[in-house]
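6 protein chains.
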Amino acid sequence: MFMRVDQLQANLPPPKKADPNAAFALQELLGGKYGEMSTLGNYMFQSFNFRSKDKLRPFYSLVASITAEELGHVELVSNGVAMIANGPDKPKGDLGDGGDISDAPFSDMKDIRLAAAFLSNGGGVMPANSNGVSWNNDFITSTGNVVVDLLHNFHLECGARLHKLRVYETLSDPTGREVCGYLLVRGSVHAHAYALALKKITGVDLDKFLPTPNINLSKIPECQKYLDEGSHRRLYTFSPNDYREMAGIWGNGETALPGDPPGELEVVDGMPDGGKIHQLTGVPSAFTPDYAPEEMFEIAQKLYKASR
Amino acid sequence: MFMRVDQLQANLPPPKKADPNAAFALQELLGGKYGEMSTLGNYMFQSFNFRSKDKLRPFYSLVASITAEELGHVELVSNGVAMIANGPDKPKGDLGDGGDISDAPFSDMKDIRLAAAFLSNGGGVMPANSNGVSWNNDFITSTGNVVVDLLHNFHLECGARLHKLRVYETLSDPTGREVCGYLLVRGSVHAHAYALALKKITGVDLDKFLPTPNINLSKIPECQKYLDEGSHRRLYTFSPNDYREMAGIWGNGETALPGDPPGELEVVDGMPDGGKIHQLTGVPSAFTPDYAPEEMFEIAQKLYKASR
Amino acid sequence: MFMRVDQLQANLPPPKKADPNAAFALQELLGGKYGEMSTLGNYMFQSFNFRSKDKLRPFYSLVASITAEELGHVELVSNGVAMIANGPDKPKGDLGDGGDISDAPFSDMKDIRLAAAFLSNGGGVMPANSNGVSWNNDFITSTGNVVVDLLHNFHLECGARLHKLRVYETLSDPTGREVCGYLLVRGSVHAHAYALALKKITGVDLDKFLPTPNINLSKIPECQKYLDEGSHRRLYTFSPNDYREMAGIWGNGETALPGDPPGELEVVDGMPDGGKIHQLTGVPSAFTPDYAPEEMFEIAQKLYKASR
Amino acid sequence: MFMRVDQLQANLPPPKKADPNAAFALQELLGGKYGEMSTLGNYMFQSFNFRSKDKLRPFYSLVASITAEELGHVELVSNGVAMIANGPDKPKGDLGDGGDISDAPFSDMKDIRLAAAFLSNGGGVMPANSNGVSWNNDFITSTGNVVVDLLHNFHLECGARLHKLRVYETLSDPTGREVCGYLLVRGSVHAHAYALALKKITGVDLDKFLPTPNINLSKIPECQKYLDEGSHRRLYTFSPNDYREMAGIWGNGETALPGDPPGELEVVDGMPDGGKIHQLTGVPSAFTPDYAPEEMFEIAQKLYKASR
Amino acid sequence: MFMRVDQLQANLPPPKKADPNAAFALQELLGGKYGEMSTLGNYMFQSFNFRSKDKLRPFYSLVASITAEELGHVELVSNGVAMIANGPDKPKGDLGDGGDISDAPFSDMKDIRLAAAFLSNGGGVMPANSNGVSWNNDFITSTGNVVVDLLHNFHLECGARLHKLRVYETLSDPTGREVCGYLLVRGSVHAHAYALALKKITGVDLDKFLPTPNINLSKIPECQKYLDEGSHRRLYTFSPNDYREMAGIWGNGETALPGDPPGELEVVDGMPDGGKIHQLTGVPSAFTPDYAPEEMFEIAQKLYKASR
Amino acid sequence: MFMRVDQLQANLPPPKKADPNAAFALQELLGGKYGEMSTLGNYMFQSFNFRSKDKLRPFYSLVASITAEELGHVELVSNGVAMIANGPDKPKGDLGDGGDISDAPFSDMKDIRLAAAFLSNGGGVMPANSNGVSWNNDFITSTGNVVVDLLHNFHLECGARLHKLRVYETLSDPTGREVCGYLLVRGSVHAHAYALALKKITGVDLDKFLPTPNINLSKIPECQKYLDEGSHRRLYTFSPNDYREMAGIWGNGETALPGDPPGELEVVDGMPDGGKIHQLTGVPSAFTPDYAPEEMFEIAQKLYKASR
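Chains as they are written, first to last, in the working numbering: chain A, 25 to 332; chain B, 25 to 332; chain C, 25 to 332; chain D, 25 to 332; chain E, 25 to 332; chain F, 25 to 332.
Quick caveat, the hints were computed from the structure, so don't treat them as lab data.
A quick note: this is a predicted structure, and the numbers were derived from the prediction, not measured.
Any given hint could be a false lead.
Copies of one chain are not kept apart here, so a pair can be met inside one copy or by any two copies together.
The calculated SDA-like cross-link candidates involving lysine to any residue, where the alpha carbons are at most 25 Å apart (straight line), are [unchecked claim]:
#: 1; residue 1: K114; residue 2: D231
#: 2; residue 1: K77; residue 2: G299
#: 3; residue 1: K224; residue 2: I323
#: 4; residue 1: K224; residue 2: A280
#: 5; residue 1: K40; residue 2: G117
#: 6; residue 1: K326; residue 2: T279
#: 7; residue 1: K232; residue 2: K326
#: 8; residue 1: K300; residue 2: D252
#: 9; residue 1: K223; residue 2: A316
#: 10; residue 1: K77; residue 2: P235
#: 11; residue 1: K249; residue 2: D293
#: 12; residue 1: K77; residue 2: M295
#: 13; residue 1: K300; residue 2: G111
#: 14; residue 1: K223; residue 2: E318
#: 15; residue 1: K224; residue 2: P235
#: 16; residue 1: K329; residue 2: M295
#: 17; residue 1: K116; residue 2: D30
Build out the structure end to end from the sequences listed, making use of the hints.
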């Protein structure tokens with residue numbers, strides 16, 4: 025089972041302006057082959073298909089728990105994409121109706137790279153890559169063989185790190201850069217964790233392979249805050265009570281990678297302090313949340329009061 | 025953010041035998057157009073793209089919270105598929121190595137409907153439909169318009185109910201039937217919830233549309249236990265502290281549908297009591313979890329102890 | 025069986041200039057999830073799969089007849105896309121040969137959003153969405169259950185209305201705007217018709233749900249002509265002799281929606297007066313209809329005379 | 025514009041039994057690369073994208089008119105598939121409700137080749153091939169170059185003829201065999217027509233290429249009736265008043281192919297005598313048209329009377 | 025540039041009987057995610073996109089050369105699939121015409137798992153997996169980063185080895201088993217080669233990771249002949265004059281893996297002795313190579329003589 | 025079997041500048057329906073599936089040998105795309121590390137048409153069309169019927185010629201224009217060869233159909249060099265010893281097409297003189313071949329020496 029908390033895993037600064045092309049470049053980190061839908065999909069289905077769970081508890085717990093973290097990554101990137109496509113929250117932007125729509129108010133939307141993102145999703149995010157091609161199960165490897173699956177995961181996190189770096193290099197918007205900075209730290213943790221899992225089984229010191237690509241996180245300003253907190257040394261269980269057995273892999277005397285701030289690896293119960301979710305103020309002329317939403321706002325207000 | 029609990033939403037009886045064709049019929053409820061990946065994908069991305077969240081809190085909470093429940097549905101169906109494809113848990117079946125594999129030990133697997141499910145996934149589940157065609161984002165509607173999205177969701181749950189009924193009618197295995205029984209009750213709740221949400225906004229009594237298809241859950245023996253518990257009257261927040269505002273929609277004097285056991289609708293904090301996750305005993309000759317897994321079991325045992 | 029008439033359902037004004045990006049924004053209304061290929065595909069296959077046709081004649085007739093209208097919508101949008109991509113008809117533009125092609129005469133085509141639309145289709149339309157992703161059968165729901173199928177159709181028309189509105193808001197070209205204006209009126213009729221069909225079966229007044237999104241057609245100048253004619257109150261049989269039984273649903277005392285010009289709903293035999301189809305003058309340098317088409321024109325002229 | 029007539033292009037004998045595997049073998053002729061969705065899609069989009077229509081009237085008319093015939097082929101194959109999957113019409117089979125569904129009444133459906141065709145479509149047809157893979161726009165060639173498009177069409181019809189022959193060789197059911205017999209005759213006409221069109225333009229006697237594959241229709245018993253009628257010498261305009269100009273190509277002294285009954289080619293106004301559409305009696309236990317459809321039948325009966 | 029030699033890389037024994045389900049199980053090794061189209065596609069596009077080739081010559085040569093070997097693997101699996109689907113070569117089976125086809129001579133083909141393989145391909149192979157789903161570029165990783173690409177390749181070969189083992193376990197036909205035996209040896213070489221390449225760059229002894237899955241080739245009787253020849257110690261340049269620089273990686277003192285027959289690794293110029301390509305005798309009643317091929321055979325015979 | 029030679033089939037001039045939009049327009053000729061992946065895939069799988077090979081040797085040899093040439097075409101277009109996306113080779117551009125990447129050094133990449141080509145492939149080529157949609161097996165026809173397959177191939181080459189002409193018309197860069205010029209000559213040879221093959225079998229003078237589209241190669245300056253050499257009259261065996269039997273078709277008194285320089289057709293053993301492959305200098309800041317590649321260059325240098 026899964027529970028949800030109405031927060032993001034990290035605090036995202038508001039975007040400075042609406043920039044659909046930047047938003048849908050960031051979408052590569054959601055729905056691309058090496059995006060968060062892929063890390064989620066791989067670990068989630070591997071955890072469902074995991075054989076002999078009790079006998080392999082630390083390995084099962086690792087995959088099952090990171091699944092939950094990846095859900096939050098999917099959420100984080102998605103919020104980032106929608107925020108950048110939508111622009112800054114405009115507290116009263118959604119009041120009144122959409123007015124006269126007969127003068128092509130969105131004529132610039134026919135020239136953005138992924139016009140359907142406006143026409144169909146009103147600027148919302150979808151599980152597709154930066155070219156608008158859908159995520160699908162070709163991106164999932166779940167063989168039931170523990171070593172093959174973990175090796176796939178290790179390669180996936182290294183590839184994902186490369187993609188995050190390249191997306192980062194295209195973005196000047198603070199929202200998207202923060203998404204990349206946070207994910208670079210956490211993705212590096214996952215690469216490290218799968219390396220250690222494989223080291224335990226095979227004896228091969230895969231952790232020496234890291235970082236791949238060969239650039240330290242210290243070169244990314246947006247990573248510093250998270251490194252300072254020690255995020256790179258922590259795996260959260262993302263669970264009230266389960267998955268602690270992965271401490272046999274992550275912990276147990278293992279330490280941070282050489283290029284990162286030193287310290288012991290540790291498993292932390294639960295989840296990190298989260299950041300707030302932005303409003304994504306609607307745009308009545310784009311029919312979000314509706315053309316004339318005020319009556320709906322009033323109804324919602326009454327229902328809200330009735331729920332208290 | 026999301027958390028994970030190492031339990032299923034319902035207790036699944038063990039399968040009586042391995043039956044890949046039945047398993048991958050059930051997979052329609054995972055990766056088909058009206059499967060749980062679709063309900064999850066729709067509500068998850070709608071919740072990410074939701075505009076003017078604070079002004080529409082009860083509606084946002086409804087969609088955001090059901091997302092978390094759908095994750096558990098994806099997990100439940102997936103476990104069901106893998107269990108039926110794998111057959112009964114065999115506590116010592118994964119001991120020893122895979123032995124002599126030179127005599128075509130899996131020759132019957134070339135004749136199952138979806139041979140790749142064995143060849144590639146070792147009998148595991150994948151987000152595809154019962155024909156093996158991948159789930160993809162064509163199944164998601166997330167327009168940012170609240171009424172269109174909710175109407176889509178209402179139709180989706182009605183269609184999903186039909187699909188669950190048909191899958192149920194093909195299965196004689198108790199595992200799969202229990203999956204269907206549980207999901208029929210919970211899916212009916214979601215259809216009811218979206219009907220009420222739309223009724224609040226538009227005044228149209230969409231709840232009179234239910235049940236669609238026009239068969240009561242009382243006709244499905246596997247639903248009784250859940251109806252007796254009142255599951256059909258409950259929406260869980262699937263959250264430690266959030267999403268209670270949906271009580272303005274689900275509750276607030278609304279009652280169960282006429283064909284179901286009577287009573288008031290209620291929002292319940294947190295999640296239901298869950299059921300245990302099966303072991304899916306590995307089959308060394310199929311290389312799950314490995315050809316000769318015992319050394320790995322020993323390593324895992326040591327790591328497990330180190331984690332305590 | 026189907027017959028074809030060499031006219032469009034509406035008179036389209038010529039485009040003012042070639043604008044590939046505008047043309048392929050409009051293509052969302054053809055090959056997108058909520059485009060005309062989807063309404064066509066759903067109703068066509070539902071009509072093929074319709075069970076117990078005689079016992080459900082009015083419902084069957086409604087779906088079967090609207091199928092024929094949707095064919096004309098597919099044709100109308102397609103003509104619109106090709107017209108805008110091609111630009112104004114140039115009566116003698118296709119005379120002579122394509123001349124010297126060695127100086128990159130179409131260098132601007134590598135920068136349009138969907139370059140393949142020029143490279144492969146010579147500026148022609150294809151059943152894909154505004155991002156160039158193919159239409160496919162994931163967009164079709166045909167369950168054989170009448171209520172589920174009709175509910176799907178109702179949601180589809182509401183979603184399609186939203187998409188038409190958004191595409192309209194991106195276009196300043198008169199051709200595309202006329203396409204949207206016409207389709208908004210006709211799509212609203214279809215939404216209304218499915219609402220009434222479901223009302224007959226379930227008693228739920230789904231027509232009160234309309235218009236969705238909540239904007240009246242009176243706000244769209246390009247709709248006025250059609251509203252003035254009463255198009256919003258008419259369903260054509262699009263058949264010489266069949267499908268009149270849908271008058272039991274559309275008609276029978278039902279009236280126009282409150283926000284539209286008042287009056288009774290009526291079924292009209294046959295089809296509306298159509299508009300002429302544009303020439304789409306060829307561009308020999310783009311090899312349409314050929315590099316040096318004049319000999320072909322002469323041959324065609326002779327064959328034409330022989331056919332008279 | 026298109027009109028619809030509530031008849032099939034040919035009279036299909038009822039199926040002898042329900043045979044889903046045979047039904048979905050026949051589906052290759054609908055949604056496969058060389059199926060009727062492909063001939064329809066190619067000619068329809070070519071007709072929309074046709075350049076310099078007036079100057080090339082006979083060629084335009086040929087493509088535009090065959091489009092309308094292909095719609096009827098799509099309908100014919102689709103009806104055939106649904107009939108074979110559904111089995112013989114059972115006049116009262118749809119009365120009463122679906123009864124007790126708790127004993128896996130459709131357990132055999134999990135073993136049919138395309139289980140989703142039952143689970144999702146209730147045995148209905150979909151635009152997919154015989155393996156269940158969706159038709160899509162990769163199957164369409166519409167370049168705007170008349171010679172390339174016509175050559176594509178000629179190859180398409182030859183390939184389609186081969187596919188029809190192979191499907192025919194797998195079917196013992198009379199419904200499916202009749203579909204094949206009819207389509208073989210009509211497809212051969214289209215191959216012949218495109219050969220003549222190209223001969224007019226290029227002078228190459230492509231008609232000598234036929235029949236491809238090199239088997240005469242006289243070897244197919246189900247073709248005889250249509251050959252006897254002269255169907256192989258006729259192109260229908262499938263239009264009340266348009267498209268007669270194709271007589272410059274089909275006619276004009278051209279005669280039947282050597283292996284077929286001799287005679288002049290002729291263009292016939294309008295359409296052939298059609299055959300009746302089967303009822304596809306519903307199966308309440310499969311929720312088609314509904315679980316308990318009688319109330320719906322009564323409502324429909326009243327609406328039917330009101331429409332007269 | 026590439027050259028072709030009219031031989032297979034290995035000698036395949038003829039199949040004992042036609043077995044389409046076995047043939048298309050083997051197709052997983054062609055068009056599945058871990059099939060030979062994927063190894064080919066990855067290495068081919070990586071070699072095209074390889075940066076700074078001269079400075080990284082040994083690595084470039086390794087990837088470029090293995091590409092050529094993978095072409096032969098694609099050919100080998102493809103021939104195996106077509107052979108098993110077609111059955112034993114019947115020297116005179118293709119003489120005469122196809123005879124009377126009116127008695128459903130291929131009725132059993134509607135029940136094979138992938139009916140389209142007969143209907144569309146006449147029993148031929150296609151780049152799809154064992155479920156008939158197309159290979160596509162989602163299976164290719166070509167990032168331009170050498171370490172990420174090589175790590176991907178290493179994981180790919182390990183996954184491919186698992187898939188080969190599972191396919192092998194389903195086949196009793198000698199043709200398919202030989203394909204698996206040969207590919208297991210050669211695929212193990214490639215896994216070893218990529219491990220060594222990465223070891224050179226990173227210092228991590230990835231070769232200790234092998235064999236993955238943890239079963240020695242000595243357990244597979246069909247591998248013995250190739251192990252005895254030393255195939256597991258050899259990389260062929262598959263080139264008249266190029267790619268010898270990969271000897272810096274494969275060779276240079278490196279030796280066979282512990283579980284395989286011992287010896288030094290060596291680069292061998294050119295290619296292995298090949299095996300002959302089977303005839304795939306046509307079946308005139310299935311229109312392969314034609315319904316009445318004898319005239320074509322005579323023409324071919326004359327052309328053959330003219331070419332000498 | 026296949027061998028590889030480390031050269032391109034033609035000498036490509038270096039690009040003048042990096043121009044991703046031009047590069048991915050050219051990609052239409054790789055992964056589009058009428059691109060080189062399609063010609064390769066069709067001929068390769070047809071050669072694998074070819075029936076009664078010995079009896080049809082000249083036809084088999086033609087298809088098998090052109091397959092090898094198409095591999096080189098895939099390589100040529102791919103190199104062209106990657107060169108144009110990467111820009112001129114910069115001999116020392118890959119020295120040093122990537123420096124400070126924190127200032128959005130690739131911000132312009134979020135606005136190129138196919139952003140994923142940078143984000144995922146670092147500017148590399150992929151088997152997709154100019155819109156980024158994947159090549160797949162829907163583009164392959166391999167029926168096993170010789171006439172249908174050859175006719176398909178003839179149409180394919182004519183369509184491919186049209187696409188090459190249109191791509192050529194969009195490019196001002198010399199690299200891409202040279203690719204088009206070379207491929208136009210060679211593709212015209214293939215169209216001619218398939219026309220002759222069909223003429224031998226059917227007697228229809230399909231060669232009179234050429235050139236299609238109706239423009240002579242003499243109008244394309246980039247074709248002249250190849251015409252002067254007589255490339256349009258030559259088919260290479262692309263093999264050390266095989267495939268000469270195709271001289272029965274190509275040769276045997278047949279001559280060049282009327283619009284091309286006159287002369288006899290001839291089969292030439294082996295392959296043409298090739299051109300050198302460009303370096304594609306890496307860009308460390310884009311992580312190609314790595315962020316700090318110098319250590320890797322040193323390692324490669326040592327391995328290179330060890331291999332000599």
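Each hint tested on the structure:
1. K114 to D231: neither (46 Å within a copy, 34 Å between copies)
2. K77 to G299: between (34 Å within a copy, 15 Å between copies)
3. K224 to I323: Cα proximity of K224 and I323: across copies only (7 Å, versus 57 Å in one copy).
4. K224 to A280: Result: close both inside a copy and across copies, 16 Å intra and 24 Å inter.
5. K40 to G117: within (16 Å within a copy, 34 Å between copies)
6. K326 to T279: So K326 and T279 pass the 25 Å test across copies only (19 Å; inside, 53 Å).
7. K232 to K326: between (59 Å within a copy, 22 Å between copies)
8. K300 to D252: within (21 Å within a copy, 39 Å between copies)
9. K223 to A316: between (59 Å within a copy, 17 Å between copies)
10. K77 to P235: For K77 and P235, the Cα distance is within 25 Å only across copies (23 Å; inside one copy 30 Å).
11. K249 to D293: within (21 Å within a copy, 34 Å between copies)
12. K77 to M295: Answer is both: 23 Å inside a copy and 23 Å across each meet the 25 Å cutoff.
13. K300 to G111: Within one copy only: 16 Å inside, 43 Å across.
14. K223 to E318: between (59 Å within a copy, 17 Å between copies)
15. K224 to P235: Intra 19 Å, inter 16 Å, cutoff 25 Å: intra and inter.
16. K329 to M295: between (30 Å within a copy, 23 Å between copies)
17. K116 to D30: Within. Shortest intra-copy distance 23 Å satisfies the 25 Å Cα cut-off; inter-copy 43 Å does not.
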